[in-house]
Amino acid sequence: MNNVIEQMLSSYEIKNLNDEINAIKEVIQELVLSGLSRGGFFNEAAFYGGTALRIFYKLDRFSEDLDFALFEPNENFDLSKYFDDIQEELNAYGLNLQIDAKQKHHKTNISSAFLKGDTLEHILKFFPNEENHGYDHILKNIKIKLEIDINPPKGALYEEQYKLLPSPHQIILYDKPSLFAGKVHAILCRDWQNRTKGRDLYDYVYFIGNKTNINLDLLRNKLIASKYINDNDSFNIDILKKLLKNKFKEINYIDAKEDVIPFIKNNQNLDLWNKEFFLKITDQLK
Numbered sequence: 003m004n005n006v007i008e009q010m011l012s013s014y015e016i017k018n019l020n021d022e023i024n025a026i027k028e029v030i031q032e033l034v035l036s037g038l039s040r041g042g043f044f045n046e047a048a049f050y051g052g053t054a055l056r057i058f059y060k061l062d063r064f065s066e067d068l069d070f071a072l073f074e075p076n077e078n079f080d081l082s083k084y085f086d087d088i089q090e091e092l093n094a095y096g097l098n099l100q101i102d103a104k105q106k107h108h109k110t111n112i113s114s115a116f117l118k119g120d121t122l123e124h125i126l127k128f129f130p131n132e133e134n135h136g137y138d139h140i141l142k143n144i145k146i147k148l149e150i151d152i153n154p155p156k157g158a159l160y161e162e163q164y165k166l167l168p169s170p171h172q173i174i175l176y177d178k179p180s181l182f183a184g185k186v187h188a189i190l191c192r193d194w195q196n197r198t199k200g201r202d203l204y205d206y207v208y209f210i211g212n213k214t215n216i217n218l219d220l221l222r223n224k225l226i227a228s229k230y231i232n233d234n235d236s237f238n239i240d241i242l243k244k245l246l247k248n249k250f251k252e253i254n255y256i257d258a259k260e261d262v263i264p265f266i267k268n269n270q271n272l273d274l275w276n277k278e279f280f281l282k283i284t285d286q287l288k
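Just add 2 to the spot in the sequence shown (first one is 1) and you have my numbering.
There are no misleading hints in this set.
Quick list of the computed label-pair ranges, beta carbon to beta carbon:
#1 N271 - N76: 34 to 44 Å
#2 L126 - S236: 56 to 66 Å
#3 N153 - N131: 45 to 55 Å
Distance condition first, Cα-Cα at most 30 Å in a straight line; then the derived DSSO-like pairs of lysine-lysine:
#4 K147 - K109
#5 K229 - K277
#6 K17 - K259
#7 K213 - K251
#8 K142 - K127
#9 K259 - K147
#10 K60 - K147
#11 K251 - K229
#12 K178 - K249
#13 K213 - K277
#14 K282 - K60
#15 K277 - K178
#16 K282 - K247
#17 K109 - K145
#18 K247 - K277
#19 K229 - K213
#20 K118 - K267
#21 K229 - K178
#22 K178 - K147
#23 K199 - K247
#24 K142 - K267
#25 K243 - K288
#26 K109 - K156
#27 K249 - K277
Because the hints were derived from the structure by calculation, they are not lab data.
Cβ coordinates follow ideal geometry from the N, Cα and C atoms, glycine included.
Starting from the given sequences, assemble the full structure and let the hints guide the process.
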């Protein structure tokens with residue numbers, strides 16, 4: 003195995019096949035970020051979302067996707083111009099994955115791509131000395147989604163961060179209050195349909211527990227863009243608390259727990275999850 007990959011894996015506590023697959027995906031995510039950085043991607047876009055929170059702020063749950071937003075709206079932005087940078091970075095560490103743009107069937111503000119590779123091939127590459135723990139039954143490929151908002155609402159604030167592995171590189175990402183705004187927007191506006199996104203709730207608890215202020219300006223603009231509120235509606239922290247409390251009264255917390263369990267190591271963190279818990283902690287929002 004490549005020494006750099008070995009270094010990156012050394013920070014993981016791996017006990018089972020699920021841990022191995024998550025570790026592989028997380029290393030691949032960080033290699034993608036490194037490739038994007040070398041290609042100049044962060045001169046025009048910032049990193050945000052759950053994976054940004056995990057990598058830079060130690061959120062203790064796995065996150066599947068890589069989410070970005072342009073600094074300025076650009077309907078002609080072409081994510082594929084960075085595919086070679088990503089591919090070159092992955093190939094440099096002996097990884098065999100393919101990246102393809104997702105074809106749009108209607109006009110949206112989100113440009114997407116998928117990175118795919120054979121799961122068994124990469125388990126054997128990352129963990130060559132491990133015993134076979136049912137690997138023959140692995141059917142799904144590794145799949146990591148990249149999404150970029152090409153027409154983002156105004157109001158985000160940014161910061162520079164540096165990563166030393168796989169080699170030193172710089173990343174621009176939303177600051178914590180802006181990340182919190184994005185998460186609250188997801189809770190209020192995400193179309194959960196029959197699948198309650200417990201991961202959004204888990205991150206919400208993280209932000210509240212860390213006493214993170216919320217970027218109200220960005221959140222308001224995102225809610226207007228989603229047509230959740232109107233441009234002339236009043237909006238402040240007390241109104242936001244009411245909106246969230248109304249949402250928390252209708253959530254199926256059993257479904258929410260089932261959604262997040264595969265992405266965390268300690269299920270006891272979910273023991274208190276119910277309507278009363280989320281209504282109470284929302285009073286701490288600031």
